[in-house]
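Build out the structure end to end from the sequences listed, making use of the hints.
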Amino acid sequence: MVDPRNAAEQCLESITDNIIQSMAHHIAVIDLKGKILIVNSAWSDYTRLNGGDPEETGVGSNYFSVSDRETVRQISMVLDGTVDRVVIEYPCHAPREKRWFAMNVTPLMDGNKKNIIGAVITHMDVTDRKLLEIRQQKDLEMARTIQKRVVMDPIEQNEITIKGFYLASDQLSGDLYAWYKINDHQYGVILLDIMGHGVTAGMISMAIRSMLEGIITEEIEPEKVYLKLNEQFHKFLKSGKGYKNFFCTGIYMLIDMNEKVISYINAGHPGGIGLSGKESFILRSANPPIGLSKDPNVTADRVQVSENTRVLLYTDGLTDSMGLRINEGETYILQEMRLNEDVHEHFEKIVSNLNRKDDIAIVSISFD
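Following the numbering used here, the numbering of the sequence shown begins with 3 at its first residue and continues without gaps.
Treat the hints with caution; some may be incorrect.
The list that follows gives simulated cross-link-like pairs (lysine-lysine, DSSO-like), each with its CA atoms no further than 30 Å apart [said to hold, decoys possible]:
| id | residue 1 | residue 2 |
| --- | --- | --- |
| 1 | 183 | 280 |
| 2 | 183 | 165 |
| 3 | 280 | 351 |
| 4 | 140 | 100 |
| 5 | 237 | 183 |
| 6 | 35 | 115 |
| 7 | 165 | 280 |
| 8 | 262 | 226 |
| 9 | 140 | 351 |
| 10 | 165 | 351 |
| 11 | 183 | 230 |
| 12 | 296 | 230 |
| 13 | 37 | 115 |
| 14 | 183 | 351 |
| 15 | 165 | 226 |
| 16 | 226 | 237 |
| 17 | 100 | 132 |
Across the chosen pairs, the derived CB separations fall in these ranges [to be verified]:
| id | residue 1 | residue 2 | range |
| --- | --- | --- | --- |
| 18 | 90 | 327 | 39 to 45 Å |
| 19 | 259 | 333 | 26 to 32 Å |
| 20 | 142 | 370 | 36 to 42 Å |
| 21 | 209 | 135 | 21 to 27 Å |
| 22 | 288 | 155 | 31 to 37 Å |
| 23 | 43 | 118 | 24 to 30 Å |
| 24 | 67 | 118 | 19 to 25 Å |
| 25 | 185 | 213 | 19 to 25 Å |
| 26 | 118 | 209 | 52 to 58 Å |
Note that these hints are calculated values from the structure, not bench results.
Computed from a prediction, not measured in an experiment: that's the story for all the values here.
Built from N, CA and C at the ideal position, the CB exists for glycine as well.
What follows is the structure in structure tokens.
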């Protein structure tokens, strides 16, 4: 008479084996020493179709003998219970095409689910995802190249020098700056910090960058430049789904060399630091970030400059990467400006050596 319990166990084993054999992923079961106990059809078919030796990767062979040292080490961590799971991505190119797989290793427990008796190794084809990542990486590199090529050339005149520098935390920067000679005695200088960083912030910064020359050279005055940018931000950048909460902070300065005056508007941005001899000033004003409000009331401020005045504008990535609060950052920057005549070169070196958490941009203006 057939034992009902044994029959049920045999039926369950048959169902389990059928499930394993029907799976598209490549599956093998190994014991504690790496000996292959079971492989499914997908595992065997891949070996056969790609010129592999079934005796090296089939039932009875040792999986460790065809694995590199690091892979064996990580599988062993699952077998001895150090970790519950290991995932390793690796290239496994076929003769006619490039392929990538992700190996997933999980423990195989005994019937009482108390002891580890082996491991289940699943190889998943991730080629489509990997090829998409490669294409996206190439696209990002191209976008970054384009972004770098539109960086402004310095203005170096007898009476004024304007330079900029930025480093992105990701492939693309959400920080941007620009400056334009409006007429024979006026310059417009702007620094903006798009909310967030990475691809989205980088694309928005490029869209805004394309508008800046027309806005600054036509609107000129700080309040008008702010309001026009705010209008464009709402019209083009906040109309799409998922972009309604986007905004940017920034500073725009209108420099009048005849009057030796900077008229500026600060839109929720860290205050620019100015130094004239022993006297210092901070370019602050109580205006909301651009894009935050549809009909904001904004006010510009003015500050007098002299022939030896130096001004540094920066995004908050500079102080955040240093772990400094706003007031601490202002104190530190002012101190460094007092100690170093070439402000731009000095802060470019500082930024290059930082462990950056965010995009960083600086703009320096020197009056000669």
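Which numbered hints does this structure break?
The structure conflicts with no hint, since it agrees with every one listed earlier.
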